[in-house]
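The opening residue of the sequence shown carries number 1 in the working numbering; numbering runs sequentially from there.
Careful, some of the hints might be misleading.
[Unchecked claim] Simulated DEER-style distance windows between Cβ atoms:
id	residue 1	residue 2	range
1	D165	I37	35 to 43 Å
2	G18	T46	16 to 24 Å
3	N94	E61	28 to 36 Å
4	G154	P209	12 to 20 Å
5	S8	L48	48 to 56 Å
6	S95	H215	52 to 60 Å
7	V147	A205	19 to 27 Å
Derived from the structure by calculation, the hints contain no laboratory data.
The C-beta atom is built at its ideal place from N, Cα and C for all residues, glycine as well.
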Amino acid sequence: SFPTRRSSDLLTATPTAGYTFAGWSGDLAGVTNPTTITMSANRSVTALYTAAFHSSDVEAENLIFTTGGTVPWFGQSAVTHDGIDAARSGAIANSQESWLQTTVTGPGALSFWWKVSSQSSADYLEFYLDGVLQTGRISGEVAWTQVSSTLASGSHTLRWRYQKDAATVAGSDAAWLDQISWVSADPFLSWSGGFFTGPQLADPAISGPTADPDHDGIPNLMEFLLGGNPTVAATASLLPTLTATPAAGG
(Lines of atoms letter the chains of each structure in order from A and count residues from 1; the text may use other names and numbers.)
(Lines give C-alpha, C1' and ligand atoms only; values in the text may rest on other atoms or scores of the structure.)
Protein backbone atom coordinates (compact mmCIF):
# COMPACT_ATOMS: atom_id res chain seq x y z
CA SER A 1 0.00 0.00 0.00
CA PHE A 2 1.12 3.54 -0.68
CA PRO A 3 0.34 6.82 1.14
CA THR A 4 -2.01 9.35 -0.49
CA ARG A 5 0.10 12.46 0.07
CA ARG A 6 1.19 12.58 -3.61
CA SER A 7 -0.90 12.49 -6.79
CA SER A 8 1.18 9.75 -8.40
CA ASP A 9 4.11 7.37 -7.85
CA LEU A 10 6.61 5.86 -10.27
CA LEU A 11 6.93 2.08 -9.86
CA THR A 12 9.87 0.05 -11.18
CA ALA A 13 10.03 -3.77 -11.07
CA THR A 14 13.59 -5.10 -10.83
CA PRO A 15 13.87 -8.91 -11.17
CA THR A 16 16.67 -10.84 -9.50
CA ALA A 17 19.05 -12.97 -11.57
CA GLY A 18 17.28 -15.84 -13.34
CA TYR A 19 13.88 -14.14 -13.49
CA THR A 20 12.08 -11.72 -15.78
CA PHE A 21 9.28 -9.23 -15.14
CA ALA A 22 5.88 -10.57 -16.28
CA GLY A 23 3.42 -7.82 -15.34
CA TRP A 24 1.49 -6.08 -12.57
CA SER A 25 -1.50 -7.25 -10.53
CA GLY A 26 -3.76 -5.68 -7.92
CA ASP A 27 -4.59 -2.00 -8.46
CA LEU A 28 -2.31 -1.86 -11.51
CA ALA A 29 -2.51 -3.93 -14.71
CA GLY A 30 -0.37 -4.28 -17.81
CA VAL A 31 3.32 -4.88 -18.48
CA THR A 32 4.71 -1.33 -18.74
CA ASN A 33 7.84 -1.05 -16.60
CA PRO A 34 8.58 1.47 -15.13
CA THR A 35 5.03 2.79 -14.83
CA THR A 36 3.08 5.45 -12.96
CA ILE A 37 0.16 4.84 -10.61
CA THR A 38 -2.33 7.55 -9.62
CA MET A 39 -2.53 7.94 -5.85
CA SER A 40 -6.13 9.06 -5.37
CA ALA A 41 -6.45 6.50 -2.54
CA ASN A 42 -4.43 3.75 -0.89
CA ARG A 43 -3.21 1.28 -3.53
CA SER A 44 -1.93 -2.30 -3.42
CA VAL A 45 0.25 -3.47 -6.31
CA THR A 46 2.21 -6.68 -6.88
CA ALA A 47 5.00 -7.15 -9.43
CA LEU A 48 4.88 -10.59 -11.07
CA TYR A 49 8.00 -12.47 -12.19
CA THR A 50 8.66 -15.64 -14.19
CA ALA A 51 11.76 -17.78 -14.67
CA ALA A 52 13.99 -16.37 -17.40
CA PHE A 53 14.25 -18.32 -20.66
CA HIS A 54 17.13 -20.78 -21.10
CA SER A 55 18.02 -22.79 -24.20
CA SER A 56 17.51 -25.97 -22.17
CA ASP A 57 13.78 -25.10 -21.95
CA VAL A 58 13.52 -26.12 -25.62
CA GLU A 59 16.34 -28.74 -25.58
CA ALA A 60 18.56 -26.61 -27.82
CA GLU A 61 21.68 -26.03 -25.75
CA ASN A 62 23.72 -25.85 -28.98
CA LEU A 63 21.96 -22.59 -29.95
CA ILE A 64 22.13 -19.03 -28.60
CA PHE A 65 18.74 -17.34 -28.14
CA THR A 66 17.56 -13.80 -27.57
CA THR A 67 14.01 -12.92 -26.53
CA GLY A 68 12.15 -9.63 -26.47
CA GLY A 69 9.11 -7.71 -27.58
CA THR A 70 6.81 -6.13 -24.99
CA VAL A 71 7.44 -9.07 -22.65
CA PRO A 72 10.06 -11.81 -23.32
CA TRP A 73 9.46 -15.55 -23.49
CA PHE A 74 10.14 -17.58 -20.35
CA GLY A 75 10.70 -21.17 -19.25
CA GLN A 76 8.00 -23.16 -17.46
CA SER A 77 6.90 -26.75 -16.83
CA ALA A 78 3.09 -26.43 -16.69
CA VAL A 79 2.54 -26.94 -20.45
CA THR A 80 5.11 -29.02 -22.33
CA HIS A 81 5.43 -31.47 -25.20
CA ASP A 82 8.23 -33.56 -23.74
CA GLY A 83 6.76 -33.70 -20.23
CA ILE A 84 9.72 -31.76 -18.78
CA ASP A 85 9.71 -28.08 -19.72
CA ALA A 86 8.97 -25.67 -22.57
CA ALA A 87 9.07 -21.99 -23.44
CA ARG A 88 5.98 -19.78 -23.16
CA SER A 89 5.34 -16.37 -24.68
CA GLY A 90 5.30 -13.36 -22.39
CA ALA A 91 2.02 -12.14 -20.88
CA ILE A 92 1.24 -9.40 -23.41
CA ALA A 93 -1.79 -7.16 -23.90
CA ASN A 94 -3.61 -6.17 -27.10
CA SER A 95 -1.44 -4.80 -29.93
CA GLN A 96 1.73 -6.19 -28.34
CA GLU A 97 4.21 -8.96 -29.22
CA SER A 98 6.60 -11.45 -27.63
CA TRP A 99 9.39 -13.06 -29.67
CA LEU A 100 12.19 -15.62 -29.42
CA GLN A 101 15.12 -15.67 -31.86
CA THR A 102 18.29 -17.57 -32.76
CA THR A 103 20.76 -17.85 -35.64
CA VAL A 104 22.01 -21.00 -37.39
CA THR A 105 24.44 -21.71 -40.23
CA GLY A 106 23.13 -23.93 -43.01
CA PRO A 107 22.76 -26.23 -44.68
CA GLY A 108 20.84 -28.26 -42.13
CA ALA A 109 17.53 -29.55 -40.81
CA LEU A 110 15.30 -27.59 -38.42
CA SER A 111 12.35 -28.96 -36.46
CA PHE A 112 10.30 -27.75 -33.51
CA TRP A 113 7.02 -28.30 -31.70
CA TRP A 114 4.59 -25.43 -31.12
CA LYS A 115 1.17 -24.84 -29.59
CA VAL A 116 -1.16 -21.86 -29.16
CA SER A 117 -4.32 -20.92 -27.23
CA SER A 118 -5.62 -17.59 -28.50
CA GLN A 119 -8.27 -15.63 -30.37
CA SER A 120 -8.82 -17.50 -33.63
CA SER A 121 -7.75 -15.75 -36.86
CA ALA A 122 -6.49 -12.76 -34.87
CA ASP A 123 -3.77 -13.55 -32.30
CA TYR A 124 -1.08 -15.61 -34.05
CA LEU A 125 2.00 -17.67 -33.29
CA GLU A 126 4.27 -17.09 -36.28
CA PHE A 127 7.64 -18.28 -37.57
CA TYR A 128 9.98 -16.00 -39.51
CA LEU A 129 13.00 -17.11 -41.55
CA ASP A 130 15.46 -14.31 -42.30
CA GLY A 131 12.75 -11.74 -41.58
CA VAL A 132 10.16 -13.34 -43.87
CA LEU A 133 6.92 -14.69 -42.38
CA GLN A 134 6.57 -18.38 -43.25
CA THR A 135 3.29 -20.00 -44.20
CA GLY A 136 1.37 -21.98 -41.60
CA ARG A 137 1.04 -19.52 -38.71
CA ILE A 138 -1.41 -20.74 -36.08
CA SER A 139 -4.15 -19.22 -33.88
CA GLY A 140 -7.15 -20.39 -31.86
CA GLU A 141 -6.84 -23.70 -30.00
CA VAL A 142 -4.04 -25.67 -31.67
CA ALA A 143 -2.52 -28.71 -29.94
CA TRP A 144 1.19 -29.54 -30.07
CA THR A 145 2.23 -29.74 -33.72
CA GLN A 146 5.66 -30.46 -35.19
CA VAL A 147 7.13 -28.26 -37.93
CA SER A 148 10.15 -29.33 -39.99
CA SER A 149 12.20 -27.51 -42.61
CA THR A 150 15.46 -27.88 -44.53
CA LEU A 151 17.58 -24.72 -44.73
CA ALA A 152 20.07 -23.87 -47.46
CA SER A 153 23.71 -22.85 -46.99
CA GLY A 154 24.51 -19.61 -45.19
CA SER A 155 23.54 -17.81 -42.00
CA HIS A 156 19.83 -17.82 -41.10
CA THR A 157 17.88 -15.90 -38.48
CA LEU A 158 14.98 -17.84 -36.93
CA ARG A 159 12.28 -15.95 -35.05
CA TRP A 160 9.13 -17.20 -33.32
CA ARG A 161 6.62 -14.43 -32.59
CA TYR A 162 3.33 -14.37 -30.69
CA GLN A 163 1.37 -11.23 -31.54
CA LYS A 164 -2.04 -9.89 -30.54
CA ASP A 165 -4.40 -7.66 -32.49
CA ALA A 166 -6.10 -4.58 -31.06
CA ALA A 167 -8.95 -6.29 -29.19
CA THR A 168 -10.31 -9.43 -27.49
CA VAL A 169 -8.76 -12.04 -25.21
CA ALA A 170 -9.47 -15.74 -25.77
CA GLY A 171 -8.18 -19.05 -24.41
CA SER A 172 -4.94 -18.91 -22.41
CA ASP A 173 -3.82 -16.00 -24.63
CA ALA A 174 -0.37 -17.59 -24.98
CA ALA A 175 1.95 -19.62 -27.21
CA TRP A 176 4.45 -22.37 -26.43
CA LEU A 177 7.59 -23.84 -28.04
CA ASP A 178 9.39 -27.08 -27.24
CA GLN A 179 12.12 -29.38 -28.54
CA ILE A 180 13.75 -27.08 -31.09
CA SER A 181 16.25 -29.18 -33.05
CA TRP A 182 18.93 -27.95 -35.43
CA VAL A 183 21.10 -30.56 -37.17
CA SER A 184 23.79 -29.18 -39.43
CA ALA A 185 24.43 -30.98 -42.72
CA ASP A 186 28.13 -30.17 -42.29
CA PRO A 187 29.48 -33.31 -40.55
CA PHE A 188 32.10 -31.39 -38.55
CA LEU A 189 29.55 -28.79 -37.34
CA SER A 190 27.05 -31.53 -36.51
CA TRP A 191 29.72 -33.38 -34.51
CA SER A 192 30.74 -30.17 -32.71
CA GLY A 193 27.14 -29.57 -31.67
CA GLY A 194 27.26 -32.74 -29.62
CA PHE A 195 30.11 -31.46 -27.42
CA PHE A 196 29.88 -27.67 -27.21
CA THR A 197 27.24 -25.26 -25.88
CA GLY A 198 25.76 -22.46 -27.99
CA PRO A 199 28.21 -19.81 -26.72
CA GLN A 200 31.13 -22.20 -27.25
CA LEU A 201 30.01 -22.97 -30.81
CA ALA A 202 30.00 -19.23 -31.49
CA ASP A 203 33.65 -18.96 -30.40
CA PRO A 204 36.08 -20.43 -32.97
CA ALA A 205 38.87 -20.31 -30.37
CA ILE A 206 36.98 -23.07 -28.56
CA SER A 207 35.03 -25.00 -31.21
CA GLY A 208 36.81 -24.12 -34.44
CA PRO A 209 38.60 -26.86 -36.43
CA THR A 210 42.09 -25.73 -35.34
CA ALA A 211 41.19 -25.09 -31.68
CA ASP A 212 42.37 -27.44 -28.92
CA PRO A 213 40.08 -26.73 -25.93
CA ASP A 214 41.22 -29.77 -23.90
CA HIS A 215 44.92 -28.93 -24.49
CA ASP A 216 45.89 -32.46 -25.49
CA GLY A 217 47.75 -31.39 -28.62
CA ILE A 218 44.99 -32.71 -30.92
CA PRO A 219 42.92 -29.99 -32.68
CA ASN A 220 39.17 -30.37 -32.98
CA LEU A 221 39.25 -31.38 -36.64
CA MET A 222 41.62 -34.24 -35.83
CA GLU A 223 39.46 -35.23 -32.85
CA PHE A 224 36.51 -35.37 -35.26
CA LEU A 225 38.37 -37.53 -37.78
CA LEU A 226 39.65 -39.91 -35.08
CA GLY A 227 36.35 -40.17 -33.21
CA GLY A 228 37.68 -38.37 -30.13
CA ASN A 229 36.14 -36.10 -27.53
CA PRO A 230 37.35 -32.47 -27.85
CA THR A 231 36.45 -31.66 -24.25
CA VAL A 232 38.47 -34.49 -22.64
CA ALA A 233 42.23 -34.79 -23.07
CA ALA A 234 43.00 -37.83 -25.21
CA THR A 235 45.50 -40.54 -24.40
CA ALA A 236 48.19 -41.58 -26.81
CA SER A 237 46.01 -44.50 -27.90
CA LEU A 238 43.76 -42.14 -29.86
CA LEU A 239 46.54 -41.21 -32.26
CA PRO A 240 47.50 -43.58 -35.07
CA THR A 241 50.91 -45.16 -34.70
CA LEU A 242 53.50 -46.24 -37.23
CA THR A 243 55.63 -49.28 -36.55
CA ALA A 244 58.72 -49.88 -38.70
CA THR A 245 60.02 -53.45 -39.03
CA PRO A 246 63.43 -53.97 -40.66
CA ALA A 247 63.43 -56.19 -43.72
CA ALA A 248 65.25 -59.56 -43.46
CA GLY A 249 68.95 -59.04 -43.76
CA GLY A 250 68.53 -55.30 -43.40
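To see whether the hints hold, each was checked on the structure:
Checked against the hint of 35 to 43 Å, the C-beta distance between D165 and I37 comes to roughly 27 Å, which is inconsistent with it. The hinted range of 16 to 24 Å is satisfied by G18 and T46, whose Cβ atoms lie roughly 19 Å apart. At roughly 35 Å, the beta carbons of N94 and E61 sit within the given window of 28 to 36 Å. Hint check: G154 to P209, Cβ distance near 19 Å, so the stated range 12 to 20 Å holds.
Against the hinted window of 48 to 56 Å, the Cβ-Cβ separation of S8 and L48 comes to about 21 Å, which falls outside the hint. Checked against the hint of 52 to 60 Å, the pair S95 and H215 passes, with Cβ atoms roughly 54 Å apart. Distance hint check: the CB atoms of V147 and A205 are about 34 Å apart, inconsistent with the given range 19 to 27 Å.
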